[in-house]
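Participant: Chain by chain, the residues:
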Amino acid sequence: MTPKIIPFAQLKYHWTIYFFAIPSLALVGLFMFYPAMLSAFHSVYRWNGADINEFVGKENFTTLLGDAEFWRSFRVSFIIGVWNIFKMVPAVAVAVCIHRCKSTRAQFFYRILFVAPMVIPPLIVMLIWKSFFFEATNGYLNRFLFSTGFFDVLVWFDQTFQLGGIFKAGSKPAWMGDGRLILFACIFWGLPWVGSFAVLTHLAKLGGIPRELYEAADLDGANWWTRFTKLELPLMMGSINLLLVLVVIDTIKDAGMVLALAGIEGGPGGVVTVPALFMLRKAFIEQQMGAACAVGIVLTAVVMTLKKILDGTADWQLLNRREKSRYRVMGMVMALLLYAFMLYSDGQRPKFAVLNAHDRAWFFLFNAILPGLVMVFLFPWGWVRERIWGPMVATTTGVDAWRVTLRQVAAREAHLARMGSAFYHWRERVKGLGLTFSRHGFVLAILAFAYLPMYLMVIVSFKNNAEFYAHPATLTFPLHWENWAQAWDAVIPSLANSVFTTTASTALTLFLALAGAYFFARVRMPGSSFLWYCILFLMMMPTIANAIPLYRLLIDMNLSNTLSALIFIGAASGQMFALFVLRNFVADLPQDLFEAADIDGASHLRQMLTIVAPLSGPILGVLGLIHAVGQWNEWIMPLIVIRDAERLPVTVQLLRMSGEYIKLWGPLMAGYAMASIPIILLFILCMRLFVRNLTEGAVKG
Amino acid sequence: MKYFKSHFPLILIIAAFVWSSVVIATRRVAEVPKDALVIRIGHWQLEASVRQSINEVGKAFAADPRMKKKYGNRAIIVMQDAIPEGAYGQWITSQMMGETAPDLVEIGNGLAAPIWLAYQNRYFVSLSSMADEPNPFNEGTALEGMPLRETFTDAMRSGYVEELQQYMTVPFARATIRIFYNKELLRTLTGLEKPPTDFRGFLKVCQEISEQKDGRGNFYTPIASSAYNMNMWQYGLFDSLTYANLRLADFNRDGSVGNDEFFAAMKTGALSFDSPAVRIRLLVAREVMKYFQPGFTGLQRDDAVFLFAQQRAVFIPTGTWDAGSLVEQTKETFNVGVMDFPMPLPDDPEYGSVMLGPRFEDTRTGFPFGLTRFSKHPEVARDFLLYVTSLKGNTQFNSIVGWIPSVRGAPLPPALKEFVPRSQGMYGCFNVELGGKTVVRWRQDYSKFQSDPSFTFDDFKTDFSKFYLEHGLEDWKEQQRDWRRTILKNEQQLSGARGAAMLDSGGEDSALWVKYRSAVMSRQVMPEVSRAIQVRLVTEGPMRPSGPYELLPEARAKAAGAAGAQRGEGSGGAR
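Residue numbers (my numbering), protein chains in the order written: chain A, 1 to 701; chain B, 1 to 575.
Chain B extracted, bound-state conformation:
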């Protein structure tokens, strides 16, 4: 007995170990049959509704008769790796480098955009051929026979990677962002039923709110924010004000300003932090940030929600994905209203000069998944992507999760009517995140700019632009190296296309040759020309004093001369 008493802890530890060993030894991991086709899908959406909707859609996919026909009696299992957002970058890095990444991976968070681009180039499979083919799961619907890309509301534009000239991802949903507000608190503090829709009016209301105290004697915070919610303001308001940069920096004339183009524009002096659009973007940000709670840069999204739910803040900007949870969290205490981002008016004395129209909302689809080259069952993974983006699958997925469907004709959940995106107007042309070094410095300086009033716009401009121009070159060169690394992959694909054209005996050889030449043009020749222009811009300076959309005076004169000559020829009587 004495022995037992003195050794009781040890006995207990051994007992616990034996128990755990028995549990582990007798447990069957996920009951996966040996011949099952397992598709793993990695993402950072930890909301229960997302996990549930993927599970439900996965089951429906496995039970689909088409799958039964294609894969016989082999079980199809869709498993999820739902990883917290904060650890997603490290997780995906180790999975990719260890070549153990899931079959399908959500792309966009955790790593800087240039790094994702490099990853897509190295570790993901092109989905271009899939985008050209009809979705078999749409048979019997209005989308039958339509190429996959045309079945999306944005024609799958979000899945197309300009730098790689390939379709790399398939989007499951669409998302927009709005400002949510506490209706009762707004009424109590300002007497307003709805907040003003213009920027100055909105700031005035914020000022009014910030001067009032709650029952405990604390001042109200007009806008609940965090490092995460700050991004909403950027996408929703600040970046839209930089649309004027398009004419100065869109060197390849694709309608957007990439990070490399932005760097080239800064390097050549076409743009600077004193350019009106850039300057106004940062000054407007500073105006709004005055009304955030102190220290928001060090907070996370749930901290902002905490403040809003405690009724200590009136506004909070966030997206469709949070709408359901936010309303659920606050339904017992107050009513939530939804408003669009307040834009400066065109006649605004300070900011009106950059107001070239209303705010465009990215109609592009989101929640994008790419197929990794480590997939053990790439065919099944492709089928799963097709199933989720079919009319039926997409409706089912988004009705459970409560998001806006990405597929044309899929019904919109009624609660999301306020979130329908606006498809015309100004969009962002401000892209400073060039690569690792500049991304880190931008985030550091920008958060300092947000949190430290003594760090003025001029301080910020001097500090960041110096670093950007000096060290951005290294990031830019790394991007160029990455681009060179894609050439091999392109060559392989083009060789395949050429081989198909050469060997075709079914009468489609001419069509295949056209396709091949077109691909050579779009994937090799034109990008090479664009790159060459950019390299020359960055290394040798500007070739022309004005932006890419502006004609040189000589060109104008030449064009005018040619037009005159044409008119002369046309009249026929001048000679």
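So that you can see chain A by itself, here it is in the shape it has in the complex:
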């Protein structure tokens, strides 16, 4: 739908539409934009967050840009980002496997199973990965490597390529404690990297592919791979692009995962310091809030640039030749800059000859191969093929494109002829069965991994510490139900707080965001683009440096130590993502509906109530559930804002339990399991609605 353009002169007839956006913008402006602006303001001050506030001009920025560690953090972020993009592959594979299940019941069943792990608090997943998988002496990863003999291969690899003794015979690799391995651990954790949201989003896209296309592909003799590459993948690009944007933004502006895995120093030697962690250290270790704000500004600029490039590549087919050339040149310049940055990021040009074998491998990988790949990817191959290679081949061999097409037609006819034979049917049946088994096997294997944290959480909740120490991952008897009783006492008082804040914040988010989305999608008013870019800016901005201004604002508004503060902050931060998604959704609604309503003289409010709201049910359900899970698991803001034990939400209550020096694992895990129950219940009850909605096009990408 093209937004209706309302020029300034006609504003007097349409000014009321601003009321749709005002509540949403007021909330975002107050709780997000004001702290962000305050933070930007302080980026030119030597500010400690409190009484020291001395103007230093550009000093924070110049110091930052000359700081080798800051640049190194981008290199880490780049490596993690590249891997994060690779980590999107399993979700695509799983979605395709589920989509190809012939039974709709099996499809629905798989969707349900993939949604359930979403409710496990990320803290628990991280804890389990650290304690069970990466633990050096008896962790599952090392046990797997040693029992399969794969470790010997790694040792051979180390010796052959002189990696510097990362893997030594008889010595167990310390994934979380060795500076040379911790980056791998940060990349590897969360295997099989199948986020429920990603799978369901891809399924939504796949669900939109017309059946006729598959039939045509069958007729053409397309095998499973061709069907994927030529049919499904191009049509999934919308959801892949959406997730890619989110992954890239998160990689740059988020430090939560690295902080939880490697600590605030970024592991031994600070090797996994990402830019957001660097900022966190500036703010909370060095107490240089002004410098942290400057980091925030630089990161926002970087994220916005990346977003712009990604938008360009996502809409590649829609660009004209000149725009494509512009993007290509921009990309190649960036690749060259990246190359130069890789060479100079340590402050001096590395001399290849004096690098040790380990550094040499990294040097090759990140200083030559990756920028090279980028260049290859960006090179205008199509133009070369069309304008240079094609004519050249035609003049030398006399074969032109028309002949090739004839050859393809002949091949298709031969395939159709084969289809009639009994052997062909028998072979196809066996192949089909093999494919079906491997498809289900793959999905079930992925599911087993996805459920492992949940399994361990439940198993451990029935153990006392002695049993946990002896048999951490298997069920032991007697079952210690008293752990659940103990957890009940700790969790129940805070459950009402979590239910209240989660539901209120979700309702507020959806209500305000839908009205705001109508404003941004339906009309283009004076100032609307500016406001939209302000929201995009906030989405890209790391929020760590804003924490102190936000907290001061809450105190000034007398909201400190209140549940209202959590509701407002939750709604304001959720507002941006909701607006981002809902705006696209409303924009995609058929134009005819609104035109008909306009002819009938329906006001904006009427159009909102009779067209947008009823059609938005599915997406509101999806966004509501995503927001509710995020709000339920949120713990940083409540920890800072809420003081009284009676007002604590359940996650903070559990965090306090887990903070005890010698953990009582049973009650702790029982507490986490208990805290997950309301969300699991919500999922079970809303499952049909949720899965149907998500796959019926709720996420438009």
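Hints listed in this document are in silico derivations from the structure and should not be mistaken for laboratory results.
Take the hints with a grain of salt, since some may be wrong.
Taking lysine to aspartate or glutamate pairs in the EDC-like style, the calculated list, with each CA pair at most 16 angstroms apart, reads [to be verified]:
#1 B:515 / B:132
#2 B:331 / A:467
#3 A:431 / A:218
#4 B:466 / A:69
#5 B:70 / B:379
#6 A:102 / A:215
#7 B:515 / B:491
#8 A:4 / A:592
#9 B:477 / A:54
#10 A:4 / A:595
#11 B:194 / B:340
#12 B:466 / A:67
Some chain A residues near chain B, calculated using beta-carbon distances under 7 angstroms [what the hints assert, rightly or not]:
#13 281
#14 285
#15 496
Stretches of chain A that chain B covers, calculated by requiring three or more beta carbons in the stretch to come under 8 angstroms of a beta carbon on chain B [unchecked claim]:
#16 136 to 142
#17 173 to 179
#18 258 to 269
#19 551 to 559
#20 637 to 650
For every residue, glycine included, the Cβ atom is placed at its ideal position computed from N, Cα and C.
Assemble the complex: chain A is given as a structure, and chain B must be docked to it using the hints.
Facilitator: Same frame as chain A, but now just chain B:
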């Protein structure tokens, strides 16, 4: 019915919301009466016993007749904010900056030492006047009439902040650290009943343990460790080996080497990473770390306990605070022994040169609380501090929590006899954590040194010392700025003291003038002289080739000359 079925989830969500609203609306938060005097106390000790002991002591404090007399019938309530250690730094930062910090705050963890110093300067109230007065809650005991500071086993030395020249905290308990060991496993693996007490012998036993496998074919880990337990080794063993630095870096001659003094010494070349004490400290650390489990730098204290409790490690170093929990965790499976840290012998060919005596254990008290300037009832908060540090209150508090009392005469729980600190010997003079930048770099490089065998001592030395000397200057300057920022506060206090002396008409004016002058001397003049010396050292280089305790040859000659002249005068017959 169809409508109900299709909208059941929505109805359920609304019902849950209504339930939670009713619960919240009808709940009375902590039942606090309007005129109640509420004291909030923030700390990171999440052990149930600590929370319980604060609750119990809080109740006893509220019920004390002295409080009833002082505050009438107003209820006194002590509330706790027990925050996980990992989030304490961020929490306290936001609470301080938002001016909503609790009345009393535990100091020491979550932030680097220089940051705590800056916080104490800005957000905390001096307790110096309280330290000089007797504790009223000690009436009728042997400590009656004694100034508060003298009632502590360390004369409240731990509460005194040198840089601020003030008493800033009051300690509730004492703590020492020891190595715990699995008696049965030690006997099985080495045949020993008790581990050796000397460093070389201890390493030999560790080597022996590390060569043996358990039932599953895994090698035993001699020492269970983590990033947290590594600190125990530092305080317990490594830092003690740097005592020799005292003579080279104690520029203000206060008997300790502060982080600024250490920087000045490094900057002037009086110390370097090649100085024997510094070098040996790091090499000894490397020797011990060989016997930790792989990847210990990425682990937390409960991971180390997990390994120890699983009987896959023989030793674990930790403190008094963990003793009770550790014994409780393992009582069904094995017996726990306690030993002191093994020190190198004086005749050790490599490390003996720095062994100038036994290991001194910090007798200073711990679990320190400061009074924030945001306290709504500072008087009541002060009273609470006095109550917990009275003979009765401290005994009650530590008997519940199982720690060593900080107050003289308070009985020691019998289980803690092995933990009585040794008050003579060498102590640490190694203090590289200067400020934000150097703290982060030190932690990064040091953890790499701990975990990566290819990162040699020389690599570490080159990398860190270069950074330290370059960027330490910024941290050091920030420290100097912080020091300047304290001047106003000092001026205010001294003006008060001068005013009191000027206006006194009760015959104590001369005593008050002496007190004022003494305060001016100790808080303004001497620190200023020390600072000036340090500034000159850092900016202009060494004034003398030797350390502060060494006399220059000219001075020696002069002293010798003067002594000779004195002798000449005394004899009277030379002329």
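Participant: Could you grab the alpha-carbon distance between residue 477 of chain B and residue 54 of chain A and see if it respects the 16 angstroms cut-off?
Facilitator: holds, 15 angstroms
Participant: Test coverage of the segment 258 to 269 of chain A by chain B using CB-CB distances below 8 angstroms; three residues minimum.
Facilitator: Contact hint for the segment 258 to 269 of chain A vs chain B: holds, 7 residues under 8 angstroms.
Participant: Mind checking the alpha carbons of residue 515 of chain B and residue 491 of chain B for me, to see if they're no more than 16 angstroms apart?
Facilitator: holds, 15 angstroms
Participant: Tell me if chain B covers the segment 173 to 179 of chain A under the three-residue, 8 angstroms CB rule, please?
Facilitator: holds (count 7)
Participant: When I compare C-beta atoms, does the segment 551 to 559 of chain A have three or more residues closer than 8 angstroms to chain B?
Facilitator: holds (count 4)
Participant: Would you mind confirming whether the straight-line C-alpha gap from residue 331 of chain B to residue 467 of chain A stays at or under 16 angstroms?
Facilitator: Distance ~13 angstroms between residue 331 of chain B and residue 467 of chain A Cα, so the pair holds.
Participant: Given the hint that residue 466 of chain B pairs with residue 69 of chain A, test it: the Cα-Cα distance must not exceed 16 angstroms.
Facilitator: holds, 15 angstroms
Participant: Hint residue 496 of chain A vs chain B: min CB-CB distance below 7 angstroms?
Facilitator: holds, 4 angstroms
Participant: Please verify that hint: residue 281 of chain A, Cβ, nearest Cβ of chain B, below 7 angstroms or not.
Facilitator: holds, 6 angstroms
Participant: For residue 4 of chain A and residue 595 of chain A, compute the direct alpha-carbon distance and say whether it is at most 16 angstroms.
Facilitator: holds, 11 angstroms
Participant: Check whether the Cα positions of residue 194 of chain B and residue 340 of chain B lie no farther apart than 16 angstroms.
Facilitator: With Cα atoms ~11 angstroms apart, residue 194 of chain B and residue 340 of chain B stay inside 16 angstroms; holds.
Participant: Does residue 70 of chain B pair with residue 379 of chain B here, judged by a C-alpha cut-off of 16 angstroms?
Facilitator: holds, 11 angstroms
When held up to the earlier numbered hints, the structure conflicts with none and fits them all.
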